[in-house]
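Novice: The working numbering applies: residue 7 is where the sequence shown begins, and numbers increase by one.
Honestly, the hints are just simulated from the structure, not real lab data. One thing to keep in mind: the hints can contain errors.
Result set (DSS-like, lysine-lysine): computed pairs, CA atoms no more than 25 Å apart in a straight line [unchecked claim]: (1) Lys21 with Lys65; (2) Lys65 with Lys96; (3) Lys99 with Lys22; (4) Lys9 with Lys52; (5) Lys167 with Lys65; (6) Lys21 with Lys99; (7) Lys100 with Lys21; (8) Lys65 with Lys99; (9) Lys52 with Lys65; (10) Lys167 with Lys52; (11) Lys52 with Lys21; (12) Lys99 with Lys159.
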Amino acid sequence: MIKNARLLTSATSYKKLPALNQIEIAVIGRSNSGKSTFINRVTGRKNLARTSSTPGHTKTINLFEVTLRDNLYGINALCMADLPGFGYAKASKKIRDSLWQMATEYLAYREPLSLLILTNDIRRDPEQEELFLRDLCFERGVSVIVSATKSDKLNRQQRTKRLAAIASIYSLEEGDIYLTGRDSEGDNFWDMVLPIVC
């Protein structure tokens, strides 16, 4: 389904990003929630988003162009924005506040934004930051999907229980939760997302 994916640009503010006539999807999550791994998996590019064993690695808005095969749903490309994570306790308050502002201003004001993907470790309940981001997007009319990451860490019964709990806290249907883990397929993600944004 994905023909190619490449980094277009990185910026420290949504104001510095190019004005593009393409659908834009943003990805954000708590530090160490598997955000970069998620982006690499759904684009089929192992090293597109730089992963790190150190949480809080992403410190800019990284904008990727994703080219689709066969002009799916009437489009041949879209953009995916990798936003800085949040909640990394070892960073200084100044840095945490700066990264949070960078991400929330993007979500509040970036015109092409059509969908937010919130990566949420399936073993953790969402906290007030995740719910704030959900509400920020809902107020703009931007759709939200939660990616329950690291699902391979749990057995099937545990996954079912945690999915129900996460969906309830977000006030979302379980169908709005996308399961990701070591064996998840990127095509399933695009089958879910493209009808929403196109």
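Novice: For each hint, tell me whether it holds in the structure or not.
Specialist: Going through the hints against the structure:
no. : hint              : result
1   : Lys21 with Lys65  : holds, 16 Å
2   : Lys65 with Lys96  : holds, 14 Å
3   : Lys99 with Lys22  : holds, 24 Å
4   : Lys9 with Lys52   : holds, 14 Å
5   : Lys167 with Lys65 : violated, 34 Å
6   : Lys21 with Lys99  : holds, 23 Å
7   : Lys100 with Lys21 : holds, 21 Å
8   : Lys65 with Lys99  : holds, 14 Å
9   : Lys52 with Lys65  : holds, 20 Å
10  : Lys167 with Lys52 : violated, 30 Å
11  : Lys52 with Lys21  : violated, 29 Å
12  : Lys99 with Lys159 : violated, 31 Å
Of the hints listed earlier, those the structure fails to meet are numbers 5, 10, 11 and 12, in rising order.
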